[in-house]
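Q: Chains U and V, in that order, give the protein sequences.
Counting from 1 along the first sequence, just add 467 to a position and that's the residue number in this note's numbering.
Counting from 1 along the second sequence, just add 965 to a position and that's the residue number in this note's numbering.
One thing to keep in mind: the hints can contain errors.
Here are some, though not all, of the chain U residues that point toward chain V, as calculated from beta-carbon distances under 7 Å [as the list claims (entries may be wrong)]:
| hint | residue |
| --- | --- |
| 1 | I501 |
| 2 | L506 |
| 3 | A512 |
| 4 | T563 |
| 5 | G620 |
| 6 | T638 |
| 7 | G720 |
| 8 | A788 |
| 9 | C793 |
| 10 | L807 |
| 11 | A847 |
| 12 | A912 |
| 13 | C914 |
| 14 | G915 |
| 15 | E916 |
Read the hints as simulated data drawn from the structure, not as lab findings.
All C-beta atoms, glycine included, are put in the ideal place defined by N, C-alpha and C.
Listed here are the chains, written in short residue letters.
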Amino acid sequence: MRYLPLTQKQEDRILKLCQVESFDQLVQSIPESIRVDGLLRLPEALSEMELCQHFDNYANMNSDAKSYLGQGAYDHTWPAVLDYLISRGEFLTAYTPYQAELSQGTLQSIFEFQSMIAEMTGMEISNASLYDGSTAALEAILMAARLQRKEQGTIIVSEGVYEDTLSLLKTYLDPLNIKIEIWKSDATGQAQASSAPKVADAFGVLLQSPNKWGVVEDWAQLQSAAASLNVKSIAHVPEMHSLTEFSAPGDFGVDIVSGEGQGYGLPLGYGGPYLGLLCCKKQDVRQIPGRLVGQTEDATGQRAFCVTLSTREQHIRREKATSNICSNQNLMALRAAIYLSLMGPKGLETVSKMNRSRLFTLQSLLSDTLKTDAVTISTAPCFNELSLHFKSEKTCESLLRNLESKNILAGHINKAPVESGFQSSLTIAVTEKSCPNSLKVLADAICGELK
Amino acid sequence: MTRKNIRFPLSIEQSRPGHTGFSLPSKTIGAVNEIPENLRRKSTPGLPELSELQVVRHFTNLSTANYSIDSGMYPLGSCTMKYNPRINEKTASNPKFLNIHPRTPDKFAQGCMSLMYELQMCLKEISGFEQISLQPAAGAQGEYVGIRMIRAYHDLKGNHKKTKILIPESAHGTNCATAVMCGYQVVPVKANERGILSLETIKEHCAAGDIAGIMITNPNTVGLFEEDIVKIAKHLHEVDALVYCDGANLNAKLGLTRPGDAGVDVMHFNLHKTFTTPHGGGGPGCGAVGVSARLQPHLPTPILLKKSDGSFEWDTNRPSSIGSIKDYNGHFLMMVRALTYIRELGPEGIRKISRDAILLANYVRVRLGEAYHVAFERPCMHEVVLSDKKQKGHGVKTIDIAKRLIDLGIHPPTIYFPLIVDGAIMIEPTETESLEEVENFCLKMLQIAAEAEESDAFAKYFAGAPKTTPTTRINETKAARDLVLSWKEL
């Protein structure tokens, strides 16, 4: 077996050295009653050739369809060299960098990652990554509670937060007795500070942008809502490309930024691994969860990097830790760091402009041809995703199903903004990869169905 | 910082205006909507401008500053740093896996779903559990799901007095942090003089009726099998408490014994340890959980179901579920890698994993057993814990042994863990190392033990180690004191 080099002769030698007669004697501590008798009923071993076939078969069982799905996961492109660099064994097969002298490659690249994420969000510091966007939002909320010294209380969350994120937050916050209060958006799907709920025991307010309808929010509203309640502000950014041309939360003095970094060169991969992001002010660094890499020097005075402030973490602090997180998304953070190094400010700007131009194309195509009172095309400023608001949930659903039968996955159905008076929204995602011709096909198909 | 004090300049320090590393059709960007003034970004982010070759050189140079499995053995106890087969990378890089959106309707994602189902079936057979969820992102999130389900179980039964979780003192730090995240109080449990839990101690703790469950690592972190596991589980169930097993050490049990058969109610798998998905310098992991029938109703949503026609669907309609715990469907691309490994090995290979891992750990135990103090003098499972007891007298501590080992070209074992062994040195060779590599490691360890006995040993060999590496002993105190976490602060 190519991964298991120990030979029978060597096994005999080890048993003799251990002064036992048989392997069974070595594992005597396992009670007889729970020892596996014979072999497990697992499928037979496959050769490399057969393995490739087996997994190709699975891949081919996925049906091709033209997808306009988004909601926190986007079909962006990246330079081919990224895949080459990330597959280097020195990165791929390294352990967590606790032995700093042997991990300078990982450590410096994470320092660079932290720096670039801090630059993009406009925040002072970023951690070394969390699991994904929604769990990052969760950690941001728990961090806000710690900063406000609240064990319980209420977190105010904008109506535009993904429905999946909201249900995840409920799972985690329920046992901690933290309640969630919704901050309703206006009719266009934007949150206004004036309508933020006044809750006495609130400790934080979270605003997601771009929100579930694709609408870009105004961080000034978040700040003003948080200030009037005297609580911590959290900006949640599920698509980092939105921060290239739209405003950075850090520039408004936001306390915490959580986000999803999938857009920075990570494949869709049916859901993961992705890249959770968390940033804060330096004064609050002792309450940020997850790994942090800091600059220092070695014995000769040479610049070096190491994991720092570990006293926040579970392996030192145990039950008093800021979070239970241990493994994070290091390789994905490295991927994002390489992606950003290749793109630079010009590359990001081009991606952002292309995305906005594709969305503009779709919006124009739809408004030119969509002539029905049952549907409205959102005109709020948006990024990557555009919503059609429907008076009837049924119309929206059947449109999606009918397009599905034509192998077009036209988007995701959300509840429409409550204040809008509409029932459902079909949120359609485009990226720089969506070509104008296929957008025409999509628009025609939608208009055809709604005629 | 002067240039000569810098081993590798940061990417931002190599940046020159006008350099680019991308290729996009920038000339054909069409019309766009104007961004309203109040939403327009005012600050310019400080990102590097580099050519493609600069980026390639930069990251290639950085990679050479890493130790990795590909370059040498990692005898890290409790970490199971085994070889990461490259065929896993190939199967996981199929464009039809890479480019499929996580919200793709079931009908269009049957390939991904069947693959996940096969992995679930394999893990079920390996562990002896009723059902598997592949959702959790990593071990710690798997732990969370486990304890959160235990809580849901008690909440449903109205067991409101059960507010505490038993955790052995030798447990991983994640266990304690997890229990607290689920609203439980931690009750530390001492091991007996043989290094394992005794039924009597557990019974005493359970007497007050406030114990919701126990978090057991088995084999435990001193590398010993919890011999009373079956009796402990039975007793916990008698007092309506549940048993969580930390799956970090599953490697020792593959094909040999199954936690489900021992009465465990829930265990997380570390697919990135046991089933060779690469560690990536600290993740991504994949922390699947397996459960007994008691906890089945509480599994997180969505649940992968096989319908009578053989097709698959995601089920979210589970009234007693703890709900959603992770975006989308879990780390799918990691699952492809793990299943590739299981399918390559087959039942014989899976059994040989634990056998060889145990044999090699015992080889280390006997080879080093005279030169070093062994925490528990009897056969171990897949890892063995030594300590610096014999070297301390010469002024040489565990940290010095570890740093000296770096000078000799090998990554040190896990040190100062578990906390119950003073100056612990925890060694897990793993089955993918050849006996020759393991012997080479032992020889280096023996050399260090001999060096420690020489006169003036500390000054001669240990002071300031590692000295031969391109980056020498790192000042971790300075990092925390003069905190610099971003290049903005340079």
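Q: Return the status of the interface hint for A847 (chain U): holds when the least beta-carbon distance to chain V is below 7 Å, violated otherwise.
A: Because about 10 Å separates A847 (chain U) from the closest Cβ in chain V, which is outside the 7 Å limit, the hint is violated.
Q: With 7 Å as the cut and Cβ atoms as the points, is G620 (chain U) at the interface with chain V?
A: violated (15 Å)
Q: Verify the interface restraint on C793 (chain U): the C-beta must sit less than 7 Å from at least one C-beta of chain V.
A: Since chain V brings a Cβ to about 5 Å from C793 (chain U), closer than 7 Å, the hint holds.
Q: Does T638 (chain U) pass the interface check with chain V, least Cβ-Cβ distance below 7 Å?
A: holds (4 Å)
Q: Would you check whether A788 (chain U) satisfies its interface hint, that is, whether its CB is within less than 7 Å of any CB in chain V?
A: Because about 4 Å separates A788 (chain U) from the closest Cβ in chain V, which is inside the 7 Å limit, the hint holds.
Q: Could you check if C914 (chain U) really has its C-beta closer than 7 Å to a C-beta on chain V?
A: C914 (chain U) check fails; min Cβ-Cβ to chain V is 20 Å, beyond 7 Å.
Q: With chain V as the partner, please determine if A512 (chain U) meets the hint condition of a C-beta pair closer than 7 Å.
A: Holds. Min distance 3 Å.
Q: Does the CB of L807 (chain U) sit less than 7 Å away from some CB of chain V?
A: Hint on L807 (chain U): holds, closest Cβ of chain V at ~6 Å, below 7 Å.
Q: Can T563 (chain U) be said to touch chain V, with a Cβ gap under 7 Å?
A: holds (4 Å)
Q: The hint names G915 (chain U) as touching chain V; please verify it with the least Cβ-Cβ distance against 7 Å.
A: Check failed: Cβ of G915 (chain U) comes no nearer than 20 Å to chain V, outside 7 Å.
Q: For the hint on A912 (chain U), does the least C-beta distance to chain V fall short of 7 Å?
A: Since chain V brings no Cβ nearer than about 16 Å to A912 (chain U), farther than 7 Å, the hint is violated.
Q: Under 7 Å, Cβ to Cβ, is where I501 (chain U) needs to be relative to chain V, so tell me if that hint holds or is violated.
A: Holds - the Cβ of I501 (chain U) comes within 7 Å of chain V, reaching about 5 Å at its closest.
Hint violations for this structure: numbers 5, 7, 11, 12, 13, 14, 15, all remaining hints satisfied.
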